[in-house]
Amino acid sequence: MAHGLADQHFRSYEEVKIGLELAANPFDPNILNNKMQDKRVLTTLSVMLGIDLDSTPMDVDTPAPEKNQPPSPKKEKEEAQKPKYDNLPENKRLAFEEKDLGNDYYKKKEFDEAIKHYQKAIEHDSTEITFYTNLAAVFFEQKEYEKCIKECEKAIEIGRENRADFKLIAKAFTRIGNAYKKMEQWKLAKTYFEKSMSEHRTPEIKTLLSEVEKKIVEEEKKAYVDPVKAEQEKELGNDFFKKGDYSSAVKHYTEAIKRNPDDPKLYSNRAACYTKLAAFDLGLRDCDTCCQLDPKFIKGWIRKGKILQGMQQPSKALSAYQKALELDPSNAEALEGYRTCSTQLHSNPEEVRKRAMADPDVQAILRDPAMRCILEQMQQDPQALQDHLKNPDIAAKIQKLLESGLIAIH
Numbered sequence: 001m002a003h004g005l006a007d008q009h010f011r012s013y014e015e016v017k018i019g020l021e022l023a024a025n026p027f028d029p030n031i032l033n034n035k036m037q038d039k040r041v042l043t044t045l046s047v048m049l050g051i052d053l054d055s056t057p058m059d060v061d062t063p064a065p066e067k068n069q070p071p072s073p074k075k076e077k078e079e080a081q082k083p084k085y086d087n088l089p090e091n092k093r094l095a096f097e098e099k100d101l102g103n104d105y106y107k108k109k110e111f112d113e114a115i116k117h118y119q120k121a122i123e124h125d126s127t128e129i130t131f132y133t134n135l136a137a138v139f140f141e142q143k144e145y146e147k148c149i150k151e152c153e154k155a156i157e158i159g160r161e162n163r164a165d166f167k168l169i170a171k172a173f174t175r176i177g178n179a180y181k182k183m184e185q186w187k188l189a190k191t192y193f194e195k196s197m198s199e200h201r202t203p204e205i206k207t208l209l210s211e212v213e214k215k216i217v218e219e220e221k222k223a224y225v226d227p228v229k230a231e232q233e234k235e236l237g238n239d240f241f242k243k244g245d246y247s248s249a250v251k252h253y254t255e256a257i258k259r260n261p262d263d264p265k266l267y268s269n270r271a272a273c274y275t276k277l278a279a280f281d282l283g284l285r286d287c288d289t290c291c292q293l294d295p296k297f298i299k300g301w302i303r304k305g306k307i308l309q310g311m312q313q314p315s316k317a318l319s320a321y322q323k324a325l326e327l328d329p330s331n332a333e334a335l336e337g338y339r340t341c342s343t344q345l346h347s348n349p350e351e352v353r354k355r356a357m358a359d360p361d362v363q364a365i366l367r368d369p370a371m372r373c374i375l376e377q378m379q380q381d382p383q384a385l386q387d388h389l390k391n392p393d394i395a396a397k398i399q400k401l402l403e404s405g406l407i408a409i410h
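In the UniProt record's numbering, the protein residues as written are 1 to 410.
Bear in mind the hints are in silico, worked out from the structure with no lab data behind them. Note that the structure is predicted; figures quoted are calculated from it, not measured. Take the hints with a grain of salt, since some may be wrong.
Said to hold, decoys possible - Subject to a maximum C-alpha distance of 30 Å in a straight line, what follows is the list of computed BS3-like cross-link-like pairs (lysine-lysine):
#1 K195 to K222
#2 K206 to K187
#3 K229 to K206
#4 K195 to K242
#5 K154 to K120
#6 K84 to K195
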């Protein structure tokens with residue numbers, strides 16, 4: 001009890017002493033720093049200042065939250081240098097590291113080194129499809145197409161066994177197709193592009209498939225060409241034409257064209273059959289092909305003129321006969337056709353104008369202010385035509401107007 005009273009008196013004495021020191025030196029930082037940790041000091045100041053310092057927390061500047069700063073290049077480099085395959089089993093880690101080395105050499109076109117590393121990758125892990133497709137890619141670049149195909153076949157087998165992504169299997173099929181394409185084995189290329197499409201359809205594969213299909217058609221056409229058989233079919237067509245059996249004649253001329261598609265006479269003969277059958281559009285198409293194959297084949301131009309007459313297009317027929325007369329000015333058939341068309345055009349100009357104005361191309365030309373100006377110049381100065389004809393675009397439009405019969409050059 002005596003000890004408790006003594007302790008209480010001692011604390012009271014200390015508190016009084018602290019109070020006196022603070023009262024005598026209220027702004028002395030040394031005293032404040034030393035005493036502020038003592039709760040008795042806080043109590044004394046509370047009494048002196050009339051506020052509760054013990055329960056009121058001090059205002060402290062709260063640090064602003066850190067902004068998400070982008071990682072520094074140094075930090076990124078450190079991250080990149082961290083091992084990528086640490087979480088993989090040892091054999092897979094080594095395999096992927098070898099693959100990465102192979103990729104580096106592949107990019108540098110050091111293909112022999114790339115092959116070594118891809119093969120090492122396969123030695124470490126023979127279940128990864130990409131090791132085989134990468135190796136196949138190297139062989140493809142080296143034009144070792146048979147080896148490329150062999151590795152892709154392994155890749156497909158391994159991929160199926162290990163449930164690889166179907167896109168990777170499609171890629172292997174595509175590479176086989178490309179290898180066969182390089183070897184010009186179009187049908188095999190088509191087969192593997194179709195297999196790739198069955199795994200994963202992409203626009204790229206669709207384009208490749210279309211390309212080889214066109215090549216197959218071209219090759220089949222070339223293989224079918226036989227000028228001797230074409231001549232035999234032409235003779236049969238001639239016989240049926242003489243008999244008036246134009247449908248049978250068309251069949252034989254068509255077969256002759258398949259056997260020798262570069263002979264303009266065959267198209268001219270078939271056009272004659274189409275004319276007899278009143279299939280003018282088909283006949284005109286054959287005449288155009290005939291004249292393209294041999295622009296100096298006069299019979300093609302005459303036949304074209306006759307078909308255009310049958311289609312009631314005398315101005316265009318006149319142009320065809322004019323082409324024939326340029327080749328042979330004394331050709332009686334061409335002269336007769338030219339005179340007939342010329343007379344027809346001059347005898348009924350109103351009908352010619354109506355027919356021409358119904359043509360959208362003619363309407364567009366006449367609406368063109370520049371062409372209207374040129375036509376006016378031609379009326380005032382016929383020599384101006386020669387200058388305008390040097391421009392291919394203007395020459396084509398003037399030719400169109402000539403064919404329509406709206407204008408004539410004398």
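For each hint, the structure was consulted:
Distance restraint check for K195 and K222: the Cα-Cα separation of roughly 27 Å lies within the 30 Å cut-off, and the hinted pair is therefore satisfied. Between K206 and K187 the CA atoms are separated by roughly 15 Å; this keeps the pair inside 30 Å, and the hint holds. A distance of roughly 37 Å separates the Cα atoms of K229 and K206; the hinted pair therefore is violated under the 30 Å criterion. The straight-line distance between the Cα atoms of K195 and K242 is roughly 52 Å, outside the 30 Å bound, and the hint therefore fails.
The straight-line distance between the Cα atoms of K154 and K120 is roughly 16 Å, inside the 30 Å bound, and the hint therefore holds. A C-alpha spacing of about 34 Å is found between K84 and K195, which places the hinted pair above 30 Å, so the restraint is violated.
Of the numbered hints stated above, those contradicted by the structure are hints 3, 4 and 6, listed in ascending order.
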